[in-house]
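Enquirer: In case you want the letters, here they are:
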Amino acid sequence: MKKIHISLRKPQAGELKANRKVIAVCVVLAAMLFICFLDDFTPSGRVIPNYFKYVIVVSLIYSVASLGINFYSGYQGDTSLGHAVFFGTGAYVTAYLTTQFSGINFWASILIGMAFSAVLSLPVAWAGSRVKGSFMVVITYGYCEIFRYLAINSNTLGGTAGMAGIPSPKIFGVRITKIPWLPSNKDGFILILMAIVGFLALFTYRIVNSRVGYALAAVREDEIAAYAMGVNVKAYKRLAIITSAVITSVAGSFYAGFTNVADPSLFGATLSITIFTMLVIGGRRSISGAILGAFIVVICPELLRYVQDLIGLPFDPWYILYGLMLVIIMRFKPEGLLGTKES
Amino acid sequence: MSEVLLSTQNLSKSFGGIMANKDINFHINRGEIVAIIGPNGSGKTTFYNLLTGITRCSGGTITFEGKNITGKKPQEITKLGISRTFQNIRLFGTLSVAQNIEIARHCRTSSTMWDALWHTKKYGTEKEENAEAVERCMEYVGIADKKDWKATNLPYGMQRKLEIARALATDPKLILLDEPAAGMNPKEKEELMDIIRKLSSDGYSVILIEHAMRVVMNIADRISVFNYGEKIADGLPTEIRENPVVIQAYLGKGASADGNA
Ligand SMILES: Nc1ncnc2c1ncn2[C@@H]1O[C@H](COP(=O)(O)OP(=O)(O)OP(=O)(O)O)[C@@H](O)[C@H]1O
Ligand SMILES: [Mg+2]
Numbered sequence: 001m002k003k004i005h006i007s008l009r010k011p012q013a014g015e016l017k018a019n020r021k022v023i024a025v026c027v028v029l030a031a032m033l034f035i036c037f038l039d040d041f042t043p044s045g046r047v048i049p050n051y052f053k054y055v056i057v058v059s060l061i062y063s064v065a066s067l068g069i070n071f072y073s074g075y076q077g078d079t080s081l082g083h084a085v086f087f088g089t090g091a092y093v094t095a096y097l098t099t100q101f102s103g104i105n106f107w108a109s110i111l112i113g114m115a116f117s118a119v120l121s122l123p124v125a126w127a128g129s130r131v132k133g134s135f136m137v138v139i140t141y142g143y144c145e146i147f148r149y150l151a152i153n154s155n156t157l158g159g160t161a162g163m164a165g166i167p168s169p170k171i172f173g174v175r176i177t178k179i180p181w182l183p184s185n186k187d188g189f190i191l192i193l194m195a196i197v198g199f200l201a202l203f204t205y206r207i208v209n210s211r212v213g214y215a216l217a218a219v220r221e222d223e224i225a226a227y228a229m230g231v232n233v234k235a236y237k238r239l240a241i242i243t244s245a246v247i248t249s250v251a252g253s254f255y256a257g258f259t260n261v262a263d264p265s266l267f268g269a270t271l272s273i274t275i276f277t278m279l280v281i282g283g284r285r286s287i288s289g290a291i292l293g294a295f296i297v298v299i300c301p302e303l304l305r306y307v308q309d310l311i312g313l314p315f316d317p318w319y320i321l322y323g324l325m326l327v328i329i330m331r332f333k334p335e336g337l338l339g340t341k342e343s
Numbered sequence: 001m002s003e004v005l006l007s008t009q010n011l012s013k014s015f016g017g018i019m020a021n022k023d024i025n026f027h028i029n030r031g032e033i034v035a036i037i038g039p040n041g042s043g044k045t046t047f048y049n050l051l052t053g054i055t056r057c058s059g060g061t062i063t064f065e066g067k068n069i070t071g072k073k074p075q076e077i078t079k080l081g082i083s084r085t086f087q088n089i090r091l092f093g094t095l096s097v098a099q100n101i102e103i104a105r106h107c108r109t110s111s112t113m114w115d116a117l118w119h120t121k122k123y124g125t126e127k128e129e130n131a132e133a134v135e136r137c138m139e140y141v142g143i144a145d146k147k148d149w150k151a152t153n154l155p156y157g158m159q160r161k162l163e164i165a166r167a168l169a170t171d172p173k174l175i176l177l178d179e180p181a182a183g184m185n186p187k188e189k190e191e192l193m194d195i196i197r198k199l200s201s202d203g204y205s206v207i208l209i210e211h212a213m214r215v216v217m218n219i220a221d222r223i224s225v226f227n228y229g230e231k232i233a234d235g236l237p238t239e240i241r242e243n244p245v246v247i248q249a250y251l252g253k254g255a256s257a258d259g260n261a
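Just so you know, the sequences run in chain order A and B. Residue numbers for the first sequence follow this note's numbering, beginning at 1 and rising by one. Residue numbers for the second sequence follow this note's numbering, beginning at 1 and rising by one.
Just so you know, these hints were derived from the structure itself, not from any lab. Just so you know, these numbers come straight off a predicted model, no measurement behind them. From the three backbone atoms N, C-alpha and C, an ideal C-beta is built for every residue, glycine too. Do not rely on the hints blindly, as some may be mistaken.
[Claimed, not checked] Dumping the calculated DSS-like pairs for lysine-lysine here, alpha-carbon to alpha-carbon at most 30 Å:
1. LYS147(B) with LYS67(B)
2. LYS132(A) with LYS122(B)
3. LYS73(B) with LYS234(A)
4. LYS79(B) with LYS234(A)
5. LYS341(A) with LYS73(B)
6. LYS132(A) with LYS79(B)
[Unchecked claim] Here are some chain A residues pointing at chain B (derived, C-beta under 10 Å):
7. LYS170
8. GLY173
9. THR177
10. ILE224
11. MET229
12. GLY230
13. ALA235
14. ASP309
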């Protein structure tokens, strides 16, 4: 009888852990903000290299994508190696609209990109309700490669070179890169992206613990039983991929607005795999995990490149360590760094 | 009190050449407990799959509360008030007991992503109602002390009870139990019989597929016998026990009607 009691308490310990995770994430975010604005307090304004901030912005952009794929590959449970379709769509829609039409600003282009991505996710939903999850890996992979080839061969989209000269977004008529009270041209992005990541974290958390999230869990665990509980399985699969696509699209738009370029690799399988890997490293169905995964995959190679320069290595150590890291994590923590164990 | 709740007219299903169900005419009245018995592969589970819309029938009709529900989608049928358990347990394994039951509230609630994001009044009310329903259903089958257990970690008998609790949480009028006593020890079987009796006295109608004859003979108001996809007999337990056609079907399979076949 005693043993039973011990296992009864376990989930509550899990809850505590979850709370601790939230606090940990808040601390990390606060620390990041502090580092970013350290320049404000120093006379020279050059303590934090601009490059560091660049890495933070890119990490935040990928956090958005990683939180996006979490709705599909996490909560609904099917593996996607095609989320670059939505990232690329966001990027190219923003690139095309803001360079070709002076009337459309960055923010409107995000919304239009989201709409495009939602439409482009429907074929995935259609396929997903007809074949098993494992086939979806190949289908989604093929799907994103189609778009890469389309982008390469489209003159309107700039072919292999892609589109350049995408203007940085403006807020109330002020360029986000030139906000007078911010020390560097990256800080505006950092603040806005942090707000977006924060909102998405809250959004995800609340959806997951609601009727909609429970229905997704049912679909993931057992479709037949989900039907028997009155869940419209097809509709919820559709909802999961649309939500997932729309969020990922926002990341793409920001990527274009931040780097000022969009090229066909943004549709490619390599990016798809990267986004999926971020989620798996951090932990499927973990909000903090999705964010952590994005930061790890973005920051680690930069860090190692720095080490490479420092000690004069003739090759980039990242490519070896990256694979090694994946193997080690999957071997010892298959649920991801911040994911919850299945058994 | 003998108002028909559900009936089927010539309900049939063929898988390739096999007639898994052949011209089944079946009915159950409100508040009744009807058992379906029959040798392995006689089409009992297929019959449930047809009733719940998981499988589409090849012919015939299903009438529920006077309405033709043939061809309706499974989620629509659940909403109309038919719920079931599964022979090969289909719980949401990695989720807790309470979560398994709360999922079953899906068909009785309607809050959307919007409600969830902003925690609207509707969201709050439904969460409270669900929490009550979860408590009620857990207590109904006697697993309230396992609330936070992961479904797969429950002992087998309790998993079957959780399936009943989950079916109950959909607020059904008719509950279909597919071999609920399978894998249960004698004590659990007694508890199961109590649960089924209570369901019936609380106004639920129950169809029960079961091989354990002691359970069937004890609690069924009426028994239907399936054999090779056909309904070969229907009557009171005492009638079925003496029915030569039934004995023939079971003897043909090498078992006796009051054994544990
Ligand atoms: N999806 C399916 N595809 C093909 N054949 C099927 C399918 N489902 C059931 N059958 C066949 O239909 C027949 C009836 O099966 P069913 O599962 O309904 O029997 P049952 O009475 O529930 O048996 P048991 O007592 O073993 O549970 C069997 O011959 C089975 O092989
Ligand atoms: Mg069966």
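Enquirer: Does each hint hold? Answer for all of them.
Expert: Hint by hint, here is what the structure shows:
1. About 38 Å separates the Cα atoms of LYS147(B) and LYS67(B), which puts this hinted pair outside 30 Å; it is violated.
2. A distance of roughly 35 Å separates the Cα atoms of LYS132(A) and LYS122(B); the hinted pair therefore is violated under the 30 Å criterion.
3. Simply put, LYS73(B) and LYS234(A) have alpha-carbon atoms about 11 Å apart, close enough for the 30 Å limit, and the pair holds.
4. As the CA atoms of LYS79(B) and LYS234(A) are separated by approximately 16 Å, the hinted pair is consistent with the 30 Å bound.
5. At roughly 34 Å between alpha-carbon atoms, LYS341(A) and LYS73(B) are farther apart than 30 Å, so this suggested pair is violated.
6. This hinted pair checks out: LYS132(A) and LYS79(B) have alpha carbons roughly 27 Å apart, not beyond 30 Å.
7. Hint status for LYS170(A) relative to chain B: violated, with the closest Cβ pair at about 28 Å, above 10 Å.
8. Interface hint at GLY173(A): violated, since its Cβ lies 30 Å from the closest Cβ of chain B, which is beyond the 10 Å cut-off.
9. Among the interface hints, the one on THR177(A) is violated; its C-beta lies about 31 Å from the nearest C-beta in chain B, farther than the 10 Å criterion.
10. With a least beta-carbon distance of about 6 Å to chain B, the hint placing ILE224(A) at the interface is held under the 10 Å criterion.
11. Hint status for MET229(A): holds, given a least beta-carbon distance of 5 Å to chain B, under 10 Å.
12. Proximity of GLY230(A) to chain B holds as hinted, the smallest CB-CB distance being about 3 Å (cut-off 10 Å).
13. Checking ALA235(A) against chain B: minimum C-beta separation of about 9 Å stays under 10 Å; hint holds.
14. This hint is violated: ASP309(A) has a C-beta 45 Å from the nearest C-beta of chain B, more than the 10 Å allowed.
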